[in-house]
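J.: First to last, the protein sequences are chains A and B. Sequential numbering of the first sequence, starting at 1, is according to this note's numbering. Sequential numbering of the second sequence, starting at 1, is according to this note's numbering.
No lab work stands behind these hints, which were simulated from the structure alone. Quick caveat: nothing in here was measured; it's all calculated off a predicted structure. Just so you know, even glycine gets a beta-carbon here, dropped at the ideal spot from N, CA and C. Misleading hints may appear alongside valid ones.
Listed next, the in silico EDC-like pairs over lysine to aspartate or glutamate satisfying Cα-Cα at most 16 Å (straight line) [said to hold, decoys possible]:
hint, chain 1, residue 1, chain 2, residue 2
1, B, 224, A, 53
2, A, 127, A, 166
3, B, 224, A, 175
4, B, 213, A, 101
5, A, 138, A, 101
6, B, 219, A, 166
Covered by chain B, per the in silico footprint, the following chain A stretches (three or more residues, Cβ under 8 Å) [said to hold, decoys possible]:
hint, region
7, 122-134
8, 205-217
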Amino acid sequence: MKVSYYPGCSLSGTGKEYGESTVAALKILGTEAVELNDWSCCGASSAHSAGKEFAVELAARNLLIAQDAGLDDFVIPCSACFQRTKVAEYALKNHPESYPDLHYKGGLDVQDLLSFVYNKIGLEAIKKVVKKELNGLKAVAYYGCQSLRHPEVTGAKNYENPTQMDEILKVLGADVLTWSYKTDCCGGSLGISQPDILRTLVGKLYDKALEVGAECIVTCCPLCMANLDMYQDAISKKFNKQYNMPVFYFTELIALAAGEKDAVKWFKSHVADSVKLLKEKKLI
Amino acid sequence: MTETTENITAEKKAVFPQEKMENSGPVPENQTQVNTESYQLNNLTPFAESIIQVSGEKLNNCYQCGKCTAGCPITYAMDILPHHIIKMVQLGMEEKVLTSKTIWLCAACETCGTRCPNEIMLSPIMDALRQRALNSKYKNKIGEKATAVFHREFLSSIKSHGRVYELMMMAMSIMKSGNLINFILKFEWVSYLKLLFAVLPKGKMSLFPHNIKKKKEFKNIFKKLNNAQKV
């Protein structure tokens, strides 16, 4: 199967290993990710602050490139990019009169990567590629906000208690723990302008994950990853604690369980040490 | 007052002592208190009308249940609670709303909008208020300048390259945030410098921008922005 793929800005920067592990995991699962030609920024959280129509037009540019690419599935790993693209799709479908220059025919299935893997590839297919189960890895699945909310736009069904990633991780053999903070906000793009808010929100996420006995957090969003992985020193300092919480992308763990050799390289690129935990569990 | 209404009022007071009714939880000292009971909403104020028009959200349907505020992860840092913002917009309290910190602290996580029983999305309302604030006579009294600067720098970065130039965007946001002195004096820069040296060798932050081919086509979209938002 071939799908159109929009990496977005993060996946060539701070979320580099998400981009690489996405392409690798999809390949393992028999899907080729075809990157959109000359894609541009979706506008993220800044464009909608400046103007509604402006934000729709920025994200719609990529939507129209995907339409021209001619593949049925349009897959977006970054939750923020996914949400902005969905908002644009929603606007073009429901209010075409406001965007007379943008001709979107519809029929494109715009999906976040997690939903695509869960719905279109499926747990059975994932089970078949597992060579080495992630036994003993105590993990909580963290979904964040933007691949789910607002459900009218994203189409998410279990937006208060999503389970897709939990189910995938279980198939990989991980010990998936239940917690109540899977869709709580990490602060998103406030991280740069309001570092103290980010530290408060993420510190709470660590505490709640540790409380249920998790040794790592698994995410599907590059902004959540950046916020959870990169500022652990500053967060430890703020709360007078010593956090060292490994954070993974679910795609990295799919590839790891399938025996992908490049996986170690991705883990080494995390800021918080995740190699130590995987060595302890004899997974690398 | 008739006997029956007197009874009801007395009963209400017994169940909800006055101080508990006005204040449902610990409120930081700097938080503005709104006595919503002393107003009556008959007609929409022009301010409310314009925010409804820009956001597309029917905020006049709000009956102050407070569910948005209950689910909001950032209320602890806000000066006005989310459901109070809605009430104040209804009442046309333009200055207080447009100079508040709250409108800039909303992370657009949309927990509020997802749970609202009246299907009001607060994030587009916050967006409309931000645009209005930058276009108003209160533009020099922005409640959280750092966030406004961040959004501006982000847009300026993508306008130049078509994609975000993370390194420069972050540096400019910090430089222009208005908190630079604190950033230096409180040694905040130490943790950022450490982080930079941690991510650069891992190839996770590019020293140079990525440019798209059709930059002109992309830049044209920026013509949609009005003067105050120009980057």
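J.: Next, verify each hint and record whether it holds.
T.: Right, here's what the structure says about each hint:
no. : hint             : result
1   : B:224 with A:53  : holds, 8 Å
2   : A:127 with A:166 : holds, 14 Å
3   : B:224 with A:175 : violated, 50 Å
4   : B:213 with A:101 : violated, 21 Å
5   : A:138 with A:101 : violated, 51 Å
6   : B:219 with A:166 : violated, 41 Å
7   : 122-134          : violated (count 0)
8   : 205-217          : violated (count 0)
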